[in-house]
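Enquirer: Heads up: the protein sequence lines correspond to chains E and D, in order.
The first sequence begins at 1 in UniProt numbering and counts up by one.
The second sequence begins at 1 in UniProt numbering and counts up by one.
In short, the hints are calculated from the structure, not lab data.
Don't be surprised by glycine CBs; every beta carbon is placed ideally from N, CA and C.
Among the clues, some could well be false.
[Stated by the list, open to error] List time: in silico BS3-like cross-link candidates among lysine-lysine, alpha-carbon distance up to 25 Å:
| no. | chain 1 | residue 1 | chain 2 | residue 2 |
| --- | --- | --- | --- | --- |
| 1 | D | Lys130 | D | Lys61 |
| 2 | E | Lys321 | D | Lys87 |
| 3 | D | Lys61 | E | Lys321 |
[What the hints assert, rightly or not] Only part of the chain D face toward chain E is listed, based on derived beta-carbon distances under 7 Å:
| no. | residue |
| --- | --- |
| 4 | Leu22 |
| 5 | Asp52 |
| 6 | Val63 |
| 7 | Asp78 |
| 8 | Tyr81 |
| 9 | Tyr82 |
| 10 | Lys87 |
| 11 | Leu88 |
| 12 | Gln94 |
| 13 | Met100 |
| 14 | Gly101 |
| 15 | Asn180 |
Listed below, chain by chain, are the residues.
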Amino acid sequence: MTITTTSTKKYKILDPETGALDPRIYSDETIYREEMEKVFGRSWLLIGHESLVPNPGDFFHTYMGEEPVILTRDRQGGLNAMLNVCRHRGARLTRTDDGNCASFMCVYHGWTYGLDGALEYVPGEEQAYDNKLDKTKLGLRRARVETYAGLIFATWAPDAPSLEDFLGDARWYLDTEYKRRPAGFIAYGPQKWIQPVNWKTSVDNCSDWYHVPTTHSSASNALARVMGATRYTHEWNWTVPAKHAFVNGHQIAVFETTGHEAPAEEVERLGEFRANNVAASASSIFPNTVLGMRLAIPRGPLQTEFWHFALVPADATEEEKRVLRMEHASQNGAAGTFEADDIDNWRQVSNSGATFIGAQQEQLLNMGLGNAGPHDVYPGMVTDRFVSEHNQRAFYLRYQEFMNAGSWADISLEPQTAVYEGTTAEM
Amino acid sequence: MTLFSEEQRESVQTAFLDPQSLWNDLNHFYIREAWLLDDRRFREWFALFTEDMMYFMPRRKNVPVREAHREIPPIGTDLPYYEDDRKLMEVRLQRLESGMGWAEEPPSRTRHLVGNLVIETVGEDEVVAKTGFICYRSQLEVDQSIYAGSRTDVLRREDSEWRIAHRTIVLDANVILDKNISIFF
Ligand code: FES
Ligand SMILES: [Fe+2]
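For reference, chain E alone in the conformation it holds in the complex (with noise of 0.2 Å):
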């Protein structure tokens, strides 16, 4: 049985001449179910992290856009991503967040499957299915599992290139925040919430820098006041030594850290350059999430579950832990001073296609138009100017790429020019 793709319809969403964007990408209700199939059955996906699941048996009940998935840690020490839709009439296997467990008992009927989706065990094989029944065939459905220094990603296509090309020199950048120091990083969380609006108003929003006087001075203020830390105005924006890049739909904050003296062991890592000049900041990895950690898991074309988890450095100490927590918690998250001020705008912006005048108002995303392009040194496409709309043009042409493809082979990857120095070279 194969359910495929019913629309062949082009989508022109986005004007890359003008920056004009189509509002109704946000809230048409045929639109978001071909997102389902055409980005989120297609792309890789963040599902998690290794440090939430350590140990053998330890699983986390994730998502893949809709789909509930169970990420599983096998005997073998193996991930596994796994449909959490019992093969006998689709009940879930597990209905908690987390734990660990030798096997997934179905409580319906009470098939039960290993920790890599095998069907192990069928009430009556013999008495109720006459011994008829291929239990090898009947598996939990698997997508395809692959790591970045300890981000893990799925995906359902059996087309789709690896990750690293799926990557591809956005990793350059990555290194710099997550391969710098041998530990690692430990998530916490996540927070789970529900914002009135699409997924996609979160992601393009992570490199706008724009808003963020606007948005945030009040949270920016009061922590500079109370906590001394810097002050978001827009001189700090225009003046800020710092560029974004963009490869393959993920964007990347560059700041450069010139002068900055990194020690040895981060020098040997990433290669001089890399480890004394370029720090990796906010960044968005297509299609859907924004690094680092939170996941917009779509609930419809208005309606988003965030889960918001804490990246910090495994060899912190405790109390340097404690204490990135209780920031992290305190600015972003379902209870931020930053985040809470950007929903009702991301609702607005998510609602404002959705009626007949609205939709005739096209968004306007002009600005910085034609100051990206390729760079000397820095690899994908570069602008130097930190305030800019190019990430939300270069998020919304991927995403138009991905809606208008049959399949992979329609869908892009940029070249990988990046020389990767360090012994932290490899994926």
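Using the hints provided, position chain D with the ligands relative to the given structure of chain E.
Expert: Positioned in the frame of chain E, the structure of chain D with the ligands alone reads:
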């Protein structure tokens, strides 16, 4: 309900106060607190906390009954919703007072109903008090949500006034069905 181990209980002094009058005092304290929140008198509400305050709201997970000890990750082990000391709470209040804390502009309409008070005394000037609450929040045109949960407070008496030294708020929810948590409990 048991707030203390047997061992702790041995050290509990109960003789210093008439339990009924303590219960009345604290009930009044919590009713006043609820009115301060609902009347948006946040500075006065904040003054109810001690200098070394902690305002903590953990996550609440779905776990099997026999693993109930994992349901609520303890403080200092996890990413909670709130883990505010005095400074971090001060940031929240300054944000609300700025006129630009957009999540609360225009502000939420809240109604906190607090009850089911039980008290276990620890010492003459320190008690642990537990309450249940329902909080209704309405905002903008049609946004509304209902929070239910419990609060376990360590209350300390300073200058003959009760102050909240440590508050743990446990919501009766897993995925929170509200756009943001920009209100207090
Ligand atoms: S639905 Fe799972 S055993 Fe029947
Ligand atoms: Fe924001």
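Enquirer: Are there hints from earlier that the structure breaks, and if so, what are their numbers?
Expert: Going through the list in order, the structure violates hints 4, 5 and respects the others.
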